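Model the placement of chains U and B on the given structure of chain H, informed by the hints.
If you're matching them up, the sequences are chains H, U and B in order.
Mapping of the first sequence onto my numbering: residues 1 to 153, in sequence order.
Mapping of the second sequence onto my numbering: residues 1 to 495, in sequence order.
Mapping of the third sequence onto my numbering: residues 1 to 115, in sequence order.
Hint data in this document are derived by calculation from the structure and do not stem from the laboratory.
As the structure is a prediction and not an experimental result, all values here were calculated from the model.
Accuracy of the hints is not assured; some may be wrong.
[As the list claims (entries may be wrong)] Pairs of lysine-lysine, PhoX-like flavour, derived with a Cα cap of 25 angstroms:
{"hint": "1", "chain 1": "B", "residue 1": "LYS109", "chain 2": "U", "residue 2": "LYS157"}
{"hint": "2", "chain 1": "H", "residue 1": "LYS72", "chain 2": "H", "residue 2": "LYS15"}
{"hint": "3", "chain 1": "H", "residue 1": "LYS22", "chain 2": "H", "residue 2": "LYS72"}
{"hint": "4", "chain 1": "U", "residue 1": "LYS157", "chain 2": "B", "residue 2": "LYS25"}
{"hint": "5", "chain 1": "B", "residue 1": "LYS25", "chain 2": "B", "residue 2": "LYS109"}
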Amino acid sequence: MSGQKPTEGMSLIVKTTCGWLKGFILLYGIHIILYGHLTPGGGFAGGVIAASAFLLILLAEGQRAGLKTFSKKAALTWRSVGALIFLAVAGLGLVVTGTFFENFWTGHASGNFTHFGGSIQASEIGIGLLVCSSLYLVAMVLFGCAFGFESER
Amino acid sequence: MNNLIPLLVVIPMGVAFAIPLAVRMNPRLGELLSILTALTLLVISLFLPSQEIIYHIGNWPTPDGIDLRVDGLSKLMLLIISGLALVVGIYSVGFIRQFTGHYRYYTLLMLMVTGMNGVVLSGDLFNLYIFVEIATIASYALVAFGGEHEDLEASFKYAVLGGLSSSVILIGIALVYGMTGTLNLTHLASRLDGHVLTPTLQFALALLFCGFGLKSALVPFHTWLPDAYPAAPAPISAILSGITSKAIGLYVLVRLLFNVFGITDDLLLLLRWSGGITMVVGALLALGQWNIKRLFAYSSVSQVGLIVLAFGFGTTAGIVGAIFHLVNHAVFKPLLFLNSGAIEIAAGTRDLRKMHGLRSTIPVTATTHMVGSLSIAGIPPFNGFWSKLIIVVAAVNAGFMGWASLVVLMSIVTLAYQLKVQTAAFFGSNTRSPEVTPSIATGSRSNAEPLFMAVPMIILAIGCGALSLLTLTGLDEPFFVASAAEVLMKGVFTW
Amino acid sequence: MIYFLCFGLILVGLYGVLVRRNTVKIIISLLVIEYGIHLLLVLQGYRRGGVPPIVEPGTDQQTWIGQSVDPLPQALVLTSIVIGLGVLALLVSLSIRLFERYGTMDISKMRRLKG
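The following block holds chain H by itself, in its conformation from the complex (with noise of 0.2 angstroms):
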């Protein structure tokens, strides 16, 4: 497994295809990411369509072109970075209200929903980068093109 070439993706048609459709699909996630606070989704569901988007390249144009899109070493960071944006949104409300995970930063103040959802938002971007990320990790080394304990001896 481990010692297989890279893929080098599928045929034209599914190429050409995958180009129409992966912007459309990766700003369908981010958009669910954004609303997570107004609509159904949030930073689980739309991080999930948007790690599709990266995997439809990965699959039809093969894992050198998946892996420049979207690198190992970048999925990594994402991955840490996503956790930790989280997990600062939570802090922040222990330091700023004194409860752990208090909703300090509230974008809706009036009671008028708005595109800006202050700290539901900041977590949901957190929890959607993590989820985009964490996905297409797992599916990269189940398709055995970054085999994490081998590839880093």
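Below, chains U and B alone, put in the same frame as chain H:
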């Protein structure tokens, strides 16, 4: 002070995710960060007050939001977890160098600490389940960390059985939620209090008992343990047997039985019998082992059985003895496992038949191992004696003469298999069979027990002696332990 | 009735875990158990003809409580799915590594551990 409670979960989790970033700057930051984290957690848990506190996350009131709860028992568990994480972290600096991908190891260790702290603090059943899963997923990966045939096989076995037990626990939780409409432990206890359990709830309780029984390796469900512990790296075996199986199995079991569902005579009978059988089977199987780590693993099974048996007496003295023995087990069993790591490096094998006279090669390990063996067998100056004494006295006072004599008998069996390790590994001449132990001749002392490995072993060996000082406040109420036992004796949570 | 079907699904998975020898089939059986449990959990909160558990301006609290489905089991199932994903990923990578080491998927042929 109360605001520190969530930090006990947040800090290790944050560090777990920060380590992969930090090691890019300096590869040694992983070790440093995890040791500092364990130290911080130890300090925080020392400063926690002993009385009962319920912390509302995000200021949501009790049945609506997520609670964290701290009381005497959780404080004791937190102290053990962070203390052991500290010792294991220091030991790992010396031990884990033989493996690669260090930062992954420390990340997983921190995740395991997160899970255990979360289990101990969690105030509702579902979050408890999530933290149990965090801790166990980290431990599956840590068991497989070596990447050899046996490691992977043991990890797969552990993961399948662990997955089954998690499923069983989740069915139990689903049924409890369906029947009572709440998962908050305090709320649940108040809804169950004074009612006879319906058949569905009895079924749910049985499922929870089996699930957490598997996590703590009670006898019909113990088969994963003697594979998983030897396969893991020595510091991980130490933390797994010392605290993980207790925090995510035994602690939850006891908490649910005593504080949520309410203990009954039938449940006590069940605890006594499952504990007693576990104790006997574990000790007898340990006697026949030649693999040193497998022997210690079976010995863990046996000691867990003793703890469960003592909980099953249902008297205050029995519970004090059980908790005290749990604390002691968290000191001497990690010591034995850490020693086994040094022995393995020095002798180049785990087979007791192939090692002789290691005393001259690894004198520190030989001494600390002697302390650990005497302690686990219950020889007077050390802590194991006091907890076993409390348990035996409790058994006699509660009228269980048979169980009391069985505990004494199993102590003798324990002494027997520890002596087997002593004679095989440390005594005898070094030159008896040089051909099967090539690394003894070549392995110099600095190789087998560097400073980072020797210091934790010495700390734990001193702990074996020092913990007997806890009985200075009286055999009925050892320091710290008494307040933990009081929590369980108070019965179900009131709301 | 549907509750019994859930337990049927769980038992099918249990049979698979106990009887199958192939690592991949064991993993699939574990997943079947998990899905059975998720179904059970969602059913706990289900209500025939229920409304979504969203409070809008102008919703009458009392009738809403009488009609809405219970949102908590759905949140629990979502969390449980994520946990299941983690365990699944770990098990699959373990079985890949086992296949690399032993050259077989048959657990009865992986017998380095005994005693």
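Hints and how they fare:
Note on LYS109 of chain B and LYS157 of chain U: the hinted pairing holds, with a Cα-Cα distance of about 13 angstroms set against a maximum of 25 angstroms. With a CA separation close to 22 angstroms, the supplied pair LYS72 of chain H and LYS15 of chain H stays within the 25 angstroms bound. Using a Cα cut-off of 25 angstroms, the hinted pair LYS22 of chain H and LYS72 of chain H holds, with the two alpha carbons roughly 19 angstroms apart. In summary, the hint linking LYS157 of chain U to LYS25 of chain B is supported, as the alpha carbons are separated by about 14 angstroms, within the 25 angstroms threshold.
Distance restraint check for LYS25 of chain B and LYS109 of chain B: the Cα-Cα separation of roughly 15 angstroms lies within the 25 angstroms cut-off, and the hinted pair is therefore satisfied.
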